[in-house]
Each structure stands twice: as structure tokens, then as C-alpha cells.
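Whole structure, please, built from the sequences with the hints as guidance.
Here is how the chains run, residue by residue.
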Amino acid sequence: MSTIVGIDLGTTNSLVAYMDGKEPKVIADREGRTLVPSVISVDDQSWIVGEQARQRLITHPKTTVYSVKRLMGKGLADVGEECKYFPVFLSEKQPGVIQVEMGKYRLTPPELSALILKEVKQRAEEFLGSAVTQAVVTVPAYFNDSQRQATKDAGRIAGLDVLRIVNEPTAACLAYGLQKKKQGVIAVYDLGGGTFDISILKVKEGIFEVLSTNGNTHLGGDDLDQRLMEWVLREIEQEFGLDLQKNAESIQQIRLEVEKAKRRLSGEDLTEIVIPIKTGAVYRRPLKRVELESLVNDLIDLTIGPCRQALGDAHLSPQDIDEVVLVGGSTRMPLVRRTVQEIFHQEPHCEINPDEVVALGAAVQADILAGGIQNMLLLDVTPLSLGIETMGGGMSVLIPRNSTLPTNAKELFTTFADGQRSVDIHVYQGERELVKDNRSLSKFQFRDLDPLPAGMPRIEVNFTIDANGILQVGAKDLRSGKEQSVEVKPSYGLSDEDVTRMIEESFTFAKSDMDARSLIEARNEAATILRHTERALKQGEPLIEPEERNRIQEQITALKKAMEGDNHRLIREWIDQLDKATIHLAERLMDSTLQIGLKDKKLSELP
Amino acid sequence: MLGEKDSFAKSLCWNCHSEVGGEYFCDRCIKIQPAPSQFDYFQRFGLPRHLTIDLQDLERRFHELSRKFHPDFFQRGSDQEKAISLENSALLNTAYRTLRDPILRVGYLICLEEGAVKDIPAKAPPDLLEEILELQETLEEYKQVGETASKKRTDLRKVLLAEQERIGSKEMVFEKELFSLFEEWDRMQDQRLLEKDGQQAHRRSLLQRMKDLLSARTYLRTVLQDMNEGLREHHP
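Residue numbers (numbering that gives the first Met the number 0), protein chains in the order written: chain A, 0 to 606; chain B, 0 to 235.
Don't read these hints as lab results, they were simulated from the structure. Just so we're clear, the structure is a prediction, and the values are computed from it rather than from any experiment. Glycine included, each C-beta is placed from N, C-alpha and C at the ideal position.
To spell it out: a stretch of chain A is covered by chain B in this simulated footprint if at least three of its residues, at any positions, have a beta carbon under 8 Å from a beta carbon of chain B; those stretches are:
hint, region
1, 375 to 382
2, 402 to 414
Subject to a maximum C-alpha distance of 20 Å in a straight line, what follows is the list of computed DMTMM-like cross-link-like pairs (lysine to aspartate or glutamate):
hint, chain 1, residue 1, chain 2, residue 2
3, B, Lys67, A, Asp465
4, A, Lys475, B, Glu86
5, A, Lys409, B, Glu86
6, A, Lys201, B, Asp100
Computed beta-carbon distance windows for the label pairs:
hint, chain 1, residue 1, chain 2, residue 2, range
7, A, Arg226, B, Leu111, 50 to 58 Å
8, B, Leu230, A, Arg337, 25 to 33 Å
9, B, Asp126, A, Leu477, 36 to 44 Å
See the structure below:
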């Protein structure tokens with residue numbers, strides 16, 4: 000059976016891990032790098048993902064996109080401030096679905112994430128030496144239904160069967176539980192590139208039971224970078240009178256530089272930000288750790304509320320927490336560690352690399368699903384309450400937040416008018432009293448009801464949130480006992496037809512990717528053969544008839560012409576032709592070199 | 000209502016069509032079976048319909064059943080097995096959520112006993128009705144005076160904070176009284192087997208008392224929530 004891999008599809012970096020016997024391991028590339036930067040770039044030929052794409056952030060800002068995870072399952076209205084400095088243009092494909100414009104391509108966030116998934120899938124396949132078709136993919140615990148669905152769609156588009164969506168903090172806890180044998184009540188504080196999660200778990204005899212979870216899906220390292228970047232932009236404007244806000248290249252350059260400075264300040268007290276400016280001037284600024292901390296303090300403080308809420312929901316006080324575990328790159332910041340310590344009154348732990356621990360946990364969950372590990376079981380919860388709209392726009396909660404998954408609720412519906420043939424139900428997620436303040440998930444329409452007087456039909460709707468945290472809805476006509484047909488209109492995200500089409504398109508993309516690669520290879524080969532032929536022609540000119548020389552010259556011209564086009568097959572064709580045309584010349588050259596070589600040697604020295 | 004368990008019709012295994020002897024798995028082919036739809040939350044855990052529950056024991060049973068049903072363990076099973084495991088697991092989780100919380104537990108029990116499907120409505124306790132109406136007027140007045148500090152505002156706030164404490168302690172009283180009836184209920188459940196005369200009347204009155212206490216408590220909670228919000232939002 001092929002391996003089920005665990006994938007951490009992160010805002011900044013993505014990783015893939017697998018179970019090597021009883022140990023989860025992260026898969027590295029040939030250079031030993033485990034992180035795949037979650038950056039996607041396109042040139043006129045093909046898609047570039049990972050480290051190479053990251054290097055194009057400054058050189059090709061208009062066709063390179065990062066932090067796509069922040070756009071997953073969202074509409075344009077949901078992303079304001081946080082994407083202010085996005086170098087690529089964002090528009091809306093349809094209400095509730097963002098599309099990213101990169102050169103001539105327009106891609107939705109799930110399609111872009113699919114490119115990252117394909118990259119890590121390929122990495123895993125190369126390493127394992129077999130096809131990878133199934134995966135466990137992690138998401139922030141506080142992701143709503145649309146964001147989870149978008150992640151699942153990304154998997155499908157990438158040709159991966161996503162067997163399970165696992166919450167990142169719980170995945171981390173699985174890794175700790177397996178490798179460090181942690182037990183008791185554990186709080187996982189996860190501050191990543193774009194999202195913050197807090198989960199409180201009770202770990203007992205192999206059962207990992209999540210008691211509560213909370214978070215903020217608009218808070219992470221990116222926001223700290225943006226804060227620091229805006230500060231640098233202001234300084235540059237004051238010092239050089241330059242407004243770089245609209246300059247995409249400079250924005251990316253500054254963003255990457257301040258990010259590096261921020262990282263350095265986790266280990267040092269003082270660093271220097273150096274940014275060469277196009278005019279030839281250089282912006283230099285020493286930055287103390289305390290300065291950085293005062294700049295971003297209020298952002299880190301935003302994590303306190305969710306932690307308190309999670310404790311309250313679990314009916315626990317900080318003293319009840321046995322251990323606090325840190326996850327996510329941003330938890331390397333001393334300020335973050337101090338904040339965590341203040342909240343939980345204890346020193347947090349991070350024995351496992353906070354960048355890798357989530358992927359490791361995903362691999363553990365994959366092994367559980369594969370039937371490998373049998374004594375461990377993760378019981379996760381739904382982060383947000385699920386409800387329906389009642390008369391007057393109120394929210395009637397059917398499934399409260401922090402309900403253990405899977406879970407379901409049954410509700411009876413009927414008609415208001417005589418002969419009504421369909422019933423609409425609007426489902427929301429969130430904690431507010433009115434549906435308008437909550438997140439619209441989907442509209443369900445139950446159709447083909449028998450025409451009956453008002454109030455007579457009895458439709459029992461079963462709302463199930465599965466172990467992935469994704470809503471499934473089924474309905475039954477209680478009068479006839481028949482399953483009721485349901486039409487689903489997601490408020491955010493792609494329809495099933497969209498995804499199917501994208502899978503097809505991704506094959507076309509894959510084909511054009513392959514064509515592009517073949518073209519490059521063919522051109523390289525043609526260039527080599529031309530170089531050799533031209534040198535041979537120079538050396539061997541006296542050895543052949545002018546007629547033969549002209550024939551070869553014709554072939555060279557033909558191949559050069561083919562190289563200008565983009566048909567790799569045609570180039571190969573002319574390479575073959577030229578190869579054949581030069582056989583005689585090559586033979587004559589061989590003979591002559593042999594003679595030259597022999598001339599100065601004695602017979603006895605010959606082999 | 001007695002001996003519910005015995006009265007269930009034996010169902011046939013969806014897979015091998017033999018009579019299902021075991022509770023959740025077929026004796027013969029060991030395939031997972033849907034939990035009998037008549038099972039109430041107590042029966043799902045193999046517990047009597049008691050209001051006092053040992054939470055550690057409940058958790059142990061919950062973990063044990065989770066290990067049997069959870070979809071993780073049926074990942075490689077047929078679609079039918081996956082569907083059954085999902086349904087069983089979902090119901091188990093809902094049952095656990097309900098039973099581990101004493102308030103949800105007693106509410107569920109009352110609905111179960113009275114055959115009602117819907118939640119128990121919140122109702123103002125008659126002797127507090129007047130006080131609460133007055134209180135709500137004060138709260139409105141407080142919201143009206145606006146954000147700026149004034150003597151009137153400070154006074155209103157003082158009144159509200161005192162009321163908040165009073166209502167809060169009243170709520171606790173209701174809750175305590177409600178919990179004190181748990182044992183009485185459990186005792187009666189045990190004695191029911193003897194089917195003494197007058198049991199039915201006692202049973203009905205006990206249920207009614209619990210229901211009234213629960214309604215009153217829920218009502219006071221909503222009042223308290225409103226007050227909390229009002230005091231928080233309009234805090235200078």
C-alpha cells in the first residue's frame with residue numbers, strides 16, 4: 000500500500016512528513032532543506048514553486064504570490080488591510096471567491112495552494128520512490144467550514160485524496176504525545192505566519208481529547224512584518240523624501256529585509272536593517288529588540304483574549320494546565336514567550352522544532368488512518384458554533400462551538416404556504432446573536448416536495464460536522480421516509496463543478512508545464528549539437544567535399560530556425576537530421592585525429 | 000416504560016443478515032452496526048436514567064466507545080461502514096456533551112420523560128418578576144445616560160452592580176435546589192421497580208419542580224448576560 004503522507008500547508012512554508020516505522024520524519028530535498036516556501040511564481044513558460052519562486056519575489060513581484068493561505072475560503076471583502084501590500088492584483092471570480100491575477104493567468108487560492116501541494120507531493124514521491132495519492136493536510140484550528148473546504152479542494156486539484164483535515168495545534172500535540180510521551184492537560188499555543196490558534200487538550204492513555212479551541216485567522220508573523228515594514232517606509236520617506244508605497248519591487252525587498260531583521264532579533268538584542276534604494280542611497284537603521292517589541296506589542300496582546308476564552312470554555316484556570324507547547328515560527332520571539340508565560344503562569348515548552356512539529360503530527364494522524372498506530376485517537380472539536388437563521392435574522396445554534404467531532408443535530412422543517420414545493424435553509428457559523436454578524440456558510444434548498452397544505456410537510460434535516468470539521472447536510476421526508484434532494488449553494492468557495500473543471504485544467508497545466516520543460520531541454524541539446532557541429536566543420540572542412548559542407552550548413556540553419564519556435568518536437572526532428580548529416584564528417588574527423596595521434600608514436604607504444 | 004431494552008426488536012445485520020446479538024457489532028461477521036434508534040443518551044453509555052453521574056466513569060465509557068466507533072478506525076472500510084461509524088460517533092459525542100453537564104443532563108431527562116422534543120423555555124420566576132422588570136428599566140436608563148461620567152450614571156451603575164450580585168446569588172440558589180433533587184430522582188428511579196402506589200404522582204411533581212427550577216435558572220442567566228453586556232459596553 001502506498002504511503003499516506005502528512006502535509007503542513009503553511010502560510011509561509013509548507014512541509015511534508017511520513018511515518019518511518021514508528022517515527023514521523025520530515026522529508027528534505029536534495030540540498031537537505033525541509034521547508035518549501037509557500038510562494039508561487041509564473042513566467043511565460045511555467046509555474047515555479049518554493050525556493051526558486053521566493054527568489055523571484057523581488058525580481059518579478061507582479062507574477063509572484065505568497066501567503067495564499069490568508070485568501071483561502073474568503074471573498075474580496077474579507078481581505079482588506081492585510082493584503083494592502085500584496086504585489087499581485089486581487090479580483091473576484093464570483094461573489095465569495097477571490098482570484099489572483101498573475102500575468103495572463105487568473106487563479107483561485109485553492110488552485111494556487113494545489114501548486115504547492117503538487118510540489119510537496121512530488122518531493123515525497125521522489126524520496127519514497129512511489130506514487131503518493133493520499134494525504135492528511137493540516138489547517139489552523141480556527142479555520143471555518145469554507146476555509147477547510149477550500150483546503151480540501153486544493154488537495155483534489157493537486158491529485159491528492161485528502162483523507163483528513165487536521166487542526167495544526169492538535170497535530171502538534173500528537174507529535175509531542177508520541178515522541179515526548181506527554182500526558183495531562185496541554186495548551187498548544189500556535190502563532191504562525193498568518194494565523195493564531197490556541198487549543199487545550201486532555202491527553203490520557205492515548206486519547207487526545209480537545210477540550211476547547213480559539214484563535215484568530217488574521218494574525219501572524221505577516222502582520223508583524225507589515226507593521227515593521229510600514230515603519231521603515233515612513234522612515235525612508237522622512238529621510239529620503241521617497242514614497243515607496245506603490246513600488247512593488249521595493250515593497251517586497253523591504254518586506255523580506257524586515258522579516259530577516261525580525262528573525263535575527265529573536266536571538267540578538269540589536270541588529271541593523273540595510274536597504275539599498277534605487278537612487279543609489281542606502282537606508283541603514285540599527286534596530287533594538289525592545290524597539291521591535293514596542294512596535295508589535297499590541298498585536299501579540301491580541302492572543303491573550305482567545306487564550307482566556309479557551310480556558311473559560313474548557314472550565315479551566317491557568318493552574319490546571321500541566322504543560323504549554325509552542326508551535327509556529329513566530330513563537331521564537333522572546334516577547335511571545337513572555338506573553339505565553341504571563342497567560343499560563345509557566346514556562347512554555349518547545350522541544351520539537353516549531354516549524355516541523357505540525358507536519359510530524361500530520362504524519363502521525365496519517366499512520367492512525369492507515370491502521371498503523373492503533374492505540375492513539377484524536378478527538379477534535381469544531382471551533383465555531385453552527386446555526387440557522389430564524390425569523391427576524393436571529394441565529395439559532397444547532398451545534399455549539401467546542402463540540403467534539405464528528406457531531407450532528409437534527410431539525411424539523413416545514414412549509415409556510417399551501418402547495419410550497421421547496422424549503423430554503425441558510426446556515427451560518429459564528430458566536431454572535433444575529434446571523435448578519437456571523438459567517439454565512441451555505442444555502443440549502445430542499446426541493447420537489449409534494450404540494451401540501453402549509454405546515455404539513457415534515458422534513459428532517461440532519462446537520463453533520465464530520466471529523467474534518469466540514470458540514471454535511473442530509474434531509475429526509477418523514478411522511479414518505481424518502482431521502483430528500485438537497486441543492487447546496489456555498490456562500491464562499493468553489494462549487495463541485497468548479498473543482499472538477501479545475502482538476503481537468505490542472506492536467507492541461509501539467510501538460511503545458513511538461514511541454515515547457517521539454518522545450519527547454521530540446522533547446523539546450525540543440526545548442527550543444529550546434530556548437531559541436533560548427534567546431535567540427537571548422538576543423539574538418541578540408542576533409543569533406545564542398546557539397547557535403549553546404550548540406551550540413553543547410554541543416555544548421557534549419558535547426559536554428561526551429562529553435563526560435565516553441566515546438567520541442569520540431570527541434571528534436573532537426574537535431575536528428577543534423578546528427579545524420581554529420582555522420583560522415585564525424586568519421587573523417589575520427590580517422591584524421593587517429594592519424595595525428597599516431598604520427599609521433601612508435602609502434603611499440605601502441606596499445 | 001419498564002424494561003425498554005428487552006422490548007427492542009432484534010435487528011438484522013446489514014452485512015451478513017444474521018440477527019445482531021451484540022450491541023454495536025454483529026456477533027457473526029463483526030461488522031459495525033448502527034446503534035438502535037430508540038437508544039437514549041443514557042442507554043448509549045449503558046447507564047440507568049439517573050441524574051447523578053460519576054464523571055470519571057462516564058469519561059472512561061466515552062473513551063472506550065470512541066475507540067470502537069471513531070471514523071479514524073473505519074477509514075479503510077466500506078462506504079456503509081464509514082457512514083455507520085460517522086453516525087454512531089456523532090450521536091455518542093452529542094450524548095457525552097449532554098450527560099457530562101448537569102444542566103444539559105437534567106434538561107434532556109425532562110424532555111425524555113415528558114416526550115417533548117424542544118428545549119425547555121425560560122420562564123421568569125413569579126416572585127422575581129416585578130424586580131426583574133424594574134431592573135431592566137434601570138439597565139435601559141443606564142444605557143441612555145451615555146458614556147460621559149455623571150452622578151446619575153455612577154448611581155445607576157452602583158444599583159446595577161448590586162442587582163447583578165443579587166440575581167447571581169439567586170441563580171445559584173435555584174441551581175443548588177435543582178441539584179439537590181437529583182438524588183431524590185435517582186432514589187425514586189431505583190424504587191420504581193416496586194411500582195408503589197402514588198409513584199406516578201410523585202414522579203410528575205418531581206419532574207415539574209425540576210422543570211420550574213431549570214426555567215427560572217435559564218431566565219436569570221439571560222438577564223445576567225444582558226446586564227453583563229450592558230455594563231461592559233457602556234463602561235467609561
